[in-house]
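*Asks:* The task is simple: from the sequences and hints, build the whole structure.
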Amino acid sequence: MSTTATTWKVDAAHSEIDFKVKHMMISTVKGSFDAFDATVETEGDDFKNAQFHFTAEVSSINTKNNDRDTHLNSDDFFNAEAHPELKFISKSFDGNTLIGDLTIKDVTKEVALQADFNGVAVDPYGQTKAGFEITGKVNRKDFGLTWSAVTEAGNIVVGDTINLVADIQFIKQ
179 MSTTATTWKV DAAHSEIDFK VKHMMISTVK GSFDAFDATV ETEGDDFKNA
229 QFHFTAEVSS INTKNNDRDT HLNSDDFFNA EAHPELKFIS KSFDGNTLIG
279 DLTIKDVTKE VALQADFNGV AVDPYGQTKA GFEITGKVNR KDFGLTWSAV
329 TEAGNIVVGD TINLVADIQF IKQ
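According to our numbering, the residues represented by the sequence shown are 179 to 351, in order.
Do not rely on the hints blindly, as some may be mistaken.
As the list claims (entries may be wrong) - Label-pair distances were calculated between CB atoms; the ranges are: (1) S326 - Y303: 44 to 52 Å; (2) D212 - K319: 38 to 46 Å; (3) I267 - D212: 38 to 46 Å; (4) T313 - D215: 16 to 24 Å; (5) S326 - G297: 40 to 48 Å; (6) T182 - S326: 46 to 54 Å; (7) G222 - E311: 31 to 39 Å; (8) D245 - I204: 17 to 25 Å; (9) K226 - V343: 18 to 26 Å; (10) N274 - T324: 17 to 25 Å; (11) S326 - K226: 39 to 47 Å.
Simulated from the structure, these hints should not be mistaken for laboratory data. We treat Cβ as the ideally placed atom computed from N, Cα and C, and that holds for glycine.
*Replies:* Quick look at the structure:
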């Protein structure tokens, strides 16, 4: 008896892709990507060994500061014109750890992310939904995001470690 794969599509209205990074090593700047897409292909209700595919439009970065967002889209950071999207394609998911290839600026590195599967529920409209909270840390310099500056006091302006938090709800197709 063979199993049939089920496709799940991101419910963008109920999902957020956020990040945090240290600023001058004394505070934290938060941001998000407002335009993204994700799908999951799974053969089981527990999502183990599911295939996750995620993309985000770099130009949709939003830190609630237009000057900073413009700088992040420039050659100093993402170079959104030449590299308009970042993507993640999973290699494995054991129910807790999501391992896959993250590509930013045409640099691909394997990353391990923690994934909390929050279960499946049917909404008031009869749609079956699944929820995840996915977290992890990446070093921005590993992906060619190497711009750096130092303050007069010797503080680094932008930290190297980026904390990722993706709260994602999927709709069964």
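*Asks:* How does the Cβ-Cβ distance of K226 and V343 compare with 18 to 26 Å: does it lie in that range?
*Replies:* holds (22 Å)
*Asks:* Regarding S326 and K226, is the given constraint of 39 to 47 Å on their beta-carbon distance met?
*Replies:* For S326 and K226 the Cβ distance comes to about 40 Å; the hint holds.
*Asks:* Quick one: are S326 and G297 within 40 to 48 Å, going by C-beta?
*Replies:* holds (42 Å)
*Asks:* For the hint 17 to 25 Å, verify it against the beta carbon of N274 and that of T324.
*Replies:* Since the Cβ atoms of N274 and T324 sit about 32 Å apart, the hinted range of 17 to 25 Å is violated.
*Asks:* Using the Cβ atoms, figure out if T182 sits within 46 to 54 Å of S326.
*Replies:* holds (50 Å)
*Asks:* Given the hint of 44 to 52 Å, check if S326 and Y303 actually sit that far apart at their C-beta atoms.
*Replies:* Because 48 Å falls inside the window, the suggested range holds.
*Asks:* Is 38 to 46 Å a correct range for the gap between the Cβ atoms of I267 and D212?
*Replies:* At 21 Å between Cβs, range violated.
*Asks:* For the hint 17 to 25 Å, verify it against the beta carbon of D245 and that of I204.
*Replies:* holds (20 Å)
*Asks:* When you take the CB atoms of G222 and E311, is the distance between them in 31 to 39 Å?
*Replies:* Given about 20 Å between the Cβ atoms, the range is violated.
*Asks:* Could one say that the CB atoms of D212 and K319 fall in the range 38 to 46 Å?
*Replies:* With a Cβ separation near 25 Å, D212 and K319 fall outside 38 to 46 Å, so the hint is violated.
*Asks:* Between T313 and D215, does the C-beta distance stay in 16 to 24 Å?
*Replies:* At roughly 20 Å between Cβ atoms, D215 and T313 fall inside 16 to 24 Å, so the hint holds.
Of the hints listed earlier, those the structure fails to meet are numbers 2, 3, 7, 10, in rising order.
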